[in-house]
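Student: So the protein sequences, as listed, match chains A and B. Following the working numbering, the numbering of the first sequence begins with 124 at its first residue and continues without gaps. Following the working numbering, the numbering of the second sequence begins with 3 at its first residue and continues without gaps.
Because the hints were derived from the structure by calculation, they are not lab data. Don't be surprised by glycine CBs; every beta carbon is placed ideally from N, CA and C. Among the clues, some could well be false.
[To be verified] Computed far set for chain B versus chain A, every beta-carbon distance over 12 angstroms:
(1) THR72
(2) PRO183
(3) ALA185
[Claimed, not checked] Straight-line distance between alpha carbons at most 30 angstroms, and here's what the computed DSSO-like set of lysine-lysine pairs gives:
(4) B:LYS162 with A:LYS261
(5) A:LYS254 with B:LYS162
(6) B:LYS81 with B:LYS39
(7) A:LYS168 with A:LYS242
(8) B:LYS81 with A:LYS168
Spelled out from the first residue to the last, the chains are:
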Amino acid sequence: MAAPAATFGVLDMIRSIARFVPAAMLLAAASLASAADIGQIKTSKGDVSIERGGATLPGTVGTRLEAADVLRTGPDGSAGVTMSDNSLLSIGPNSVLALDAYRFDTTTHQGQFDATLSKGSLAVVSGKIAKQSPDAMKVRTPASVLGVRGTEFVVEVGG
Amino acid sequence: MPARRVRRLAAVVAFAALAAGCAPRTTVILLPEPDGKKTAVSVTDSRGEVVLDQPYAAVERGAFQTRPYTATPEEVQAKFGAALAAQPRREEKFTLHFAEGKGELDDESRAMLDRIFAEIAARPVPDVLVIGHTDRTGTDPVNDALARQRADTVRNELLKRGIAPANVQASGRGSREPLVPTAAGVAEPRNRRVEIIVR
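All chains should be modelled from the sequences, with the hints used to inform the complete structure.
Tutor: Take a look at the structure:
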């Protein structure tokens, strides 16, 4: 429990922040939020697309991701994603990465993260799901299953 | 080249392609941690499990064998340079404390504000997380609600000031992450804090 007064201190601080942060910068990043948001594309280069429910969407910077999304890059493409548990996933050219299943409880840090790299290259920095529960994060390839115990690693399929 | 030899060569190539097609080659390499802490990845396939737990420990699963080996930074750069270059900027975490018994930030937290602005400005699509924490007096349900309530209040204030709703998430961790470990029931001002994470 805490002194309720602390809240007002934070508000003071927010006012200070708001005075200095250019409004244009904050508004520029506006995008629709939904409860299903699990992560966001933070970097995108060349040909990057997302398959979602039979549709193909452009994988531009700022795009919010949902469970079951599949990211694809072309021969000149690469993309980086930050998940809501702070996992970082980035793929190189000619890659296909499916975000099969994802859930994350921001209060307890319990969760589950299953992703599949069916081809190409992937770099991973695991986040809070793997930190809270070893092996709650899995990365699959066509032949293997990777159990993540809180770490940074790279995976290549084919090539 | 005699026709028969060409056919045989074609057959060998086709077989190799078929074998590789069944299970494309998979390479996994554990990278060193920035802070050197110990980590591991287990790689399991139909031939068994390999645990990678040293920097640059690697395993390559081909069509005919699974081969553990030690990779080099050069190999990582050659194969994964593009993927690593696309890695999002890592999160920056700021912890703000309050002068005891008052609603004012202490001097150190005040000085941190400039760094928070710089961090937000450096990112093309910033996410700001506001996470409330409590000390270990009170029960979990009460602390969880209190931590969340405070975070929500802060988030609402951010929205009022023009930050896009999609970019600010509020959550509470209750007393699960005390900054200073204490016994249950101990009032500890340093654990009553707000974290701001920019990512």
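Student: Between the alpha carbons of LYS254 (chain A) and LYS162 (chain B), is the straight-line distance 30 angstroms or under?
Tutor: At roughly 34 angstroms apart (the allowed maximum being 30 angstroms), LYS162 (chain B) and LYS254 (chain A) break the hint.
Student: Any Cβ of chain A at or closer than 12 angstroms to ALA185 (chain B), or is the non-interface label fine?
Tutor: holds, 15 angstroms
Student: Hinted pair, alpha-carbon criterion (30 angstroms max): LYS81 (chain B), LYS39 (chain B). Please report holds or violated.
Tutor: Roughly 25 angstroms separates the two Cα atoms, so the pair holds.
Student: Just to be careful, I want the Cα atoms of LYS81 (chain B) and LYS168 (chain A) compared with a cutoff of 30 angstroms; is the pair within it?
Tutor: holds, 17 angstroms
Student: Taking 12 angstroms as the cut and beta carbons as the points, is THR72 (chain B) off the interface with chain A?
Tutor: holds, 14 angstroms
Student: Checking one constraint from the list: CA of LYS168 (chain A) to CA of LYS242 (chain A), max 30 angstroms. Satisfied?
Tutor: This hinted pair holds, its Cα atoms lying about 18 angstroms apart.
Student: In terms of Cβ atoms, is chain A entirely out of 12 angstroms range of PRO183 (chain B)?
Tutor: holds, 17 angstroms
Student: Can the restraint linking LYS162 (chain B) and LYS261 (chain A) be considered satisfied, given a maximum Cα separation of 30 angstroms?
Tutor: violated, 39 angstroms
Hints 4, 5 from the list above are not met by this structure, while the remaining hints are.
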